[in-house]
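From first to last, the protein sequence lines are chains A and B. Each residue of the first sequence is one higher than the one before, counting from 1 in our numbering. Each residue of the second sequence is one higher than the one before, counting from 1 in our numbering.
A few of these clues could be false.
To be verified - Where chain B lies over chain A, by a calculated footprint (3+ residues, C-beta under 8 Å):
| id | stretch |
| --- | --- |
| 1 | 50-56 |
| 2 | 70-76 |
| 3 | 89-96 |
What the hints contain is simulated information worked out from the structure, not anything from laboratory work. Small disclaimer: the values here were computed from a predicted structure and weren't measured. Every residue, glycine too, gets a C-beta built ideally from N, C-alpha and C.
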Amino acid sequence: MPINYTMPTNVSSLTSLGDYVNGVTDQVFGIGILVVIMVLFFTSLNRVYGLRTSLGSSSVLLAIMSILWRFTGMISDRVMFFCIMVGVGAILYLLFTKE
Amino acid sequence: MKLQYYLFALLIVGGFILGTTTLINDLQNSTGIPVNTSYNATYNKIGDVMGLSAEATAQMQGSEVETTMQDALQIASFPVLKMVLNSFSLVQTIMTDAVGDMGLPEWILSILLTLFSIALLFSIISAFFGRDT
Chain A
1 MPINYTMPTN
11 VSSLTSLGDY
21 VNGVTDQVFG
31 IGILVVIMVL
41 FFTSLNRVYG
51 LRTSLGSSSV
61 LLAIMSILWR
71 FTGMISDRVM
81 FFCIMVGVGA
91 ILYLLFTKE
Chain B
1 MKLQYYLFAL
11 LIVGGFILGT
21 TTLINDLQNS
31 TGIPVNTSYN
41 ATYNKIGDVM
51 GLSAEATAQM
61 QGSEVETTMQ
71 DALQIASFPV
81 LKMVLNSFSL
91 VQTIMTDAVG
101 DMGLPEWILS
111 ILLTLFSIAL
121 LFSIISAFFG
131 RDT
C-alpha cells in the first residue's frame, strides 16, 4: 500500500524532494539530503570548472534555495540568513579578488 | 580596480540582495508563515526595500518619456538611491538581529560591523586609487 504523503507543487523540485524526504523520515533527514545535494553540486562543478565557478554557483544556489527551504518549514530564519550572507560573501569575494 | 568595474560589481551585489529580498517578501506574503520575532527588524527592512521598489516602479511608469536605464535612474533617482542604501544597511541589520538571536555578546557584533565597514571602505578606496585589474 503506498504511503500517503503529499508532494508540494508550488516550490522548486529540489525543495520538494527535501520536503518529501522530511515527510518520509519524520522531519529528520530532509535537510541532510539537501546538504548532500549541495555538496555534490559543488564538488562536481569544482572538478569540471574550477573553484571560483563552483563557489559562485553553489553559494548563490544555496542562498536562493535556503529561502525556499525556510518557507517550506525545513530550516529556521537563522540558517536562512546565514546562507544568504554566505551568498553575499561569496559574490563579494569573487568580485574583489583576482582570478 | 576600474571605476566601471566597481559600479558593475555594485550592480551585481545590489541585484542579488534585491532579488533575495523580493523572494522572501513574496513568499512571506503568499504563504503567511509567521517569522521569528528576533528578526523583526530585518523583515521590516525587507518590507521597506520592497516599498521603495514599488515606488520607483510607479514613478518610472508614470513618466511620459520613453524610459531607458539612464532616464529611469534620473526619474526615480531618490527611491533608487534609498533602495541602494537600504540594501547595504540590510546586511548590518541581519548581523545585528542574528547576533541578538544567537545570544552572542555585543563585542562580537562590534567586530563584525567594523570588519564589514572596513571592507566597504577598502572597496570604495580601491575603486578610485587601486590598481587596474
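Now the hints, each set against the structure:
no., hint, in the structure
1, 50-56, "violated (count 0)"
2, 70-76, "holds (count 3)"
3, 89-96, "holds (count 4)"
The earlier numbered hint that this structure contradicts is number 1, and it is the only one.
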